[in-house]
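Chain order of the listed sequences is A and B. Here the first sequence stands for residues 1 to 369, where the numbers follow full-length UniProt numbering. Here the second sequence stands for residues 1 to 369, where the numbers follow full-length UniProt numbering.
Derived by calculation from the structure, the hints in this document are not laboratory data. Since no wrong hints were added, every one of them can be taken at face value.
Treat identical chains as interchangeable: a pair holds within one or across any two.
Listed below are the simulated SDA-like cross-link pairs for lysine to any residue, each with C-alpha atoms no more than 25 angstroms apart in a straight line:
1) K247 <-> H293
2) K210 <-> T54
3) K68 <-> R271
4) K365 <-> D42
5) K365 <-> P69
Number of protein chains: 2
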Amino acid sequence: MATALPLDLNRLTLAHPLPLDSGKVLEGVELAYETYGTLAADRGNAILIFHALTGDQFVARQHPVTGKPGWWERMVGPGLPIDTDRHFIICANIIGGCMGSTGPASPGPDGQPWGMRFPVITVRDMVRAQVALLDQLGIGTLHAVVGGSMGGMLALSLAANWPGRASRVLAIATTARHSAQNIAFHEVGRQAIMADPDWAGGDYYGGSGKGPEKGLSVARMAAHITYLSEAGLTEKFGRRLQDREAKSFGFDADFQVESYLRYQGISFTNRFDANSYLYITRAMDYFDLAEEHGGRLADAFQHVGDTRFCVISFDTDWLYPTAESRAVVHALNAVAAPVSFVELSAPFGHDSFLLDCPALDRVVKGFVG
Amino acid sequence: MATALPLDLNRLTLAHPLPLDSGKVLEGVELAYETYGTLAADRGNAILIFHALTGDQFVARQHPVTGKPGWWERMVGPGLPIDTDRHFIICANIIGGCMGSTGPASPGPDGQPWGMRFPVITVRDMVRAQVALLDQLGIGTLHAVVGGSMGGMLALSLAANWPGRASRVLAIATTARHSAQNIAFHEVGRQAIMADPDWAGGDYYGGSGKGPEKGLSVARMAAHITYLSEAGLTEKFGRRLQDREAKSFGFDADFQVESYLRYQGISFTNRFDANSYLYITRAMDYFDLAEEHGGRLADAFQHVGDTRFCVISFDTDWLYPTAESRAVVHALNAVAAPVSFVELSAPFGHDSFLLDCPALDRVVKGFVG
Chain A
1 MATALPLDLN
11 RLTLAHPLPL
21 DSGKVLEGVE
31 LAYETYGTLA
41 ADRGNAILIF
51 HALTGDQFVA
61 RQHPVTGKPG
71 WWERMVGPGL
81 PIDTDRHFII
91 CANIIGGCMG
101 STGPASPGPD
111 GQPWGMRFPV
121 ITVRDMVRAQ
131 VALLDQLGIG
141 TLHAVVGGSM
151 GGMLALSLAA
161 NWPGRASRVL
171 AIATTARHSA
181 QNIAFHEVGR
191 QAIMADPDWA
201 GGDYYGGSGK
211 GPEKGLSVAR
221 MAAHITYLSE
231 AGLTEKFGRR
241 LQDREAKSFG
251 FDADFQVESY
261 LRYQGISFTN
271 RFDANSYLYI
281 TRAMDYFDLA
291 EEHGGRLADA
301 FQHVGDTRFC
311 VISFDTDWLY
321 PTAESRAVVH
331 ALNAVAAPVS
341 FVELSAPFGH
351 DSFLLDCPAL
361 DRVVKGFVG
Chain B
1 MATALPLDLN
11 RLTLAHPLPL
21 DSGKVLEGVE
31 LAYETYGTLA
41 ADRGNAILIF
51 HALTGDQFVA
61 RQHPVTGKPG
71 WWERMVGPGL
81 PIDTDRHFII
91 CANIIGGCMG
101 STGPASPGPD
111 GQPWGMRFPV
121 ITVRDMVRAQ
131 VALLDQLGIG
141 TLHAVVGGSM
151 GGMLALSLAA
161 NWPGRASRVL
171 AIATTARHSA
181 QNIAFHEVGR
191 QAIMADPDWA
201 GGDYYGGSGK
211 GPEKGLSVAR
221 MAAHITYLSE
231 AGLTEKFGRR
241 LQDREAKSFG
251 FDADFQVESY
261 LRYQGISFTN
271 RFDANSYLYI
281 TRAMDYFDLA
291 EEHGGRLADA
301 FQHVGDTRFC
311 VISFDTDWLY
321 PTAESRAVVH
331 ALNAVAAPVS
341 FVELSAPFGH
351 DSFLLDCPAL
361 DRVVKGFVG
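Excised from the complex, chain A in its bound form (with noise of 0.2 angstroms):
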């Protein structure tokens, strides 16, 4: 992912500089988005889709660069309880990422690519630009903003932040700040790719091209682990061997595990780049929606209005637990916010958003539908 992106996206180009939460100034911001389904006349059907950290605008289209289904076809489509028959889909790359919006990979002022002299984002910077581009879309009030995991807490970002813009928020196995360990686990990763010889700094690009993928790697296997539930870890591959009668007494990948994650991470490297992950984690870590709105998270919503919520969990979700779902539920409850909240029963942890739950597509259908 060190080379420029050989796609023909679709992009757009903010027509105002968009001012960041850091008090810096980012110029003539590309943002790469898809859409599916038809804009209504009254331009009263539109969905935006937040995407987890990891994802882009590919929600349910062919990946250009890995060629696999979008991430999430089984929710968005004709007939699906995101119905594309129905509403008009949006999905953006956010800024900081690496799938054509602008991020560490674009040129900077200089035309050079931006490396690490990118200016830190944050969650309520990636949802600002957002808002911009459906201005320019001519998008007033959405029908739903919808996101699960980093997803979610740019829905819920958009809520606090621009109160009445969305007539329904859904938040998916979602948090309103980044816990100790959920930040812990980020900075390994970060260490991971700084560590990396071939990070350089963060100016890799236009070299060989490769870039720390071994750090990105390390940080891919970290996360994945936090992605799936022990349970569903052991139901998976338990202690199973990959492609051998017994154990090698060597440090080849023996068990089914080890080598599912060292394809995990590999894979990662084929189509992420790693300054994005330092820059999207770090956006993450300092994600305190409570903080931003002077340390009670009730007055993040005190101007939520009739804006509807759904809240899901997952009951095996041990990255974003089901209580930090319940401290946003509660936190609406305070402001007398209509919401409803159910925690989904689902064997594969965090994960559990983009697998097949079906639980869970019917209480997205009954929520947006």
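With chain A's structure known, arrange chain B on it following the hints.
Frame of chain A, contents of chain B only:
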């Protein structure tokens, strides 16, 4: 740790070659060990303590490399739960380790450091070496064998494979087999080490003396998260900033938890050898006491006779959760072995066995006292 230990360690060479589970044989095995208290005339008051993954023989004595107190000074000493006024305590550095016992940094048959030519060892191999040490010290039946975490695995292995060698077996915060998640975390650590170019395939001894410090540091950081509970991390660090009033909008350690983890990682590299980390984690991942005995855990314990067991878990330990201890207890029940079991409440997660936990002191004192 890439240079030879500049220490005058208490060491013994095994009289016989050590057969390994891999089928290989280690010649001239050295074991570095410390003793505390006095061996009784009838040699009946010996307690063998097995240390954990990154522990060593300096249980209750200042560490000669770090200058820090022994790792279990709160538990082992005159008048303490493991009472050196009454018992003779032995703790040996495990083979594969790096505090004086034969391991990857030791000279191989050609006089050069073993490095990755060192044979892959198992938990049972580590125990076998220490049983040989006991033989040479003239100690037959131990009053007790005690271990926490990996040390608990060694204690269970000794009980299963050398029945009658210890009258009491105390296994704390441990498991009879490494789970998929346990293996996954270790594999991340190993990949972090091996990704470091300074690892150099394990041949980093004798050169600049540097070794894969960055990789080892990342491995330690990832592991360290698993030693603490989410609640403990939140209580200890929360989202508090490190020596600053506001976020820096940069990649320094803004949060205390980041600073803490970085320190844990870096300080670890001053006292631990990366290749030892590879070999010991591999041995732990291979550990499956049931598999060693035909697949049924109870069969591992069928010859334990009237050996008394005590199994202790901690309610906040998510590395080796209580369910793992229960599996051990159920297996012991199945062979009618005398076993007591307690799940202690402690806020610190897996590391509770090393920290201030008065309830643990009482149980240990009651069992081995």
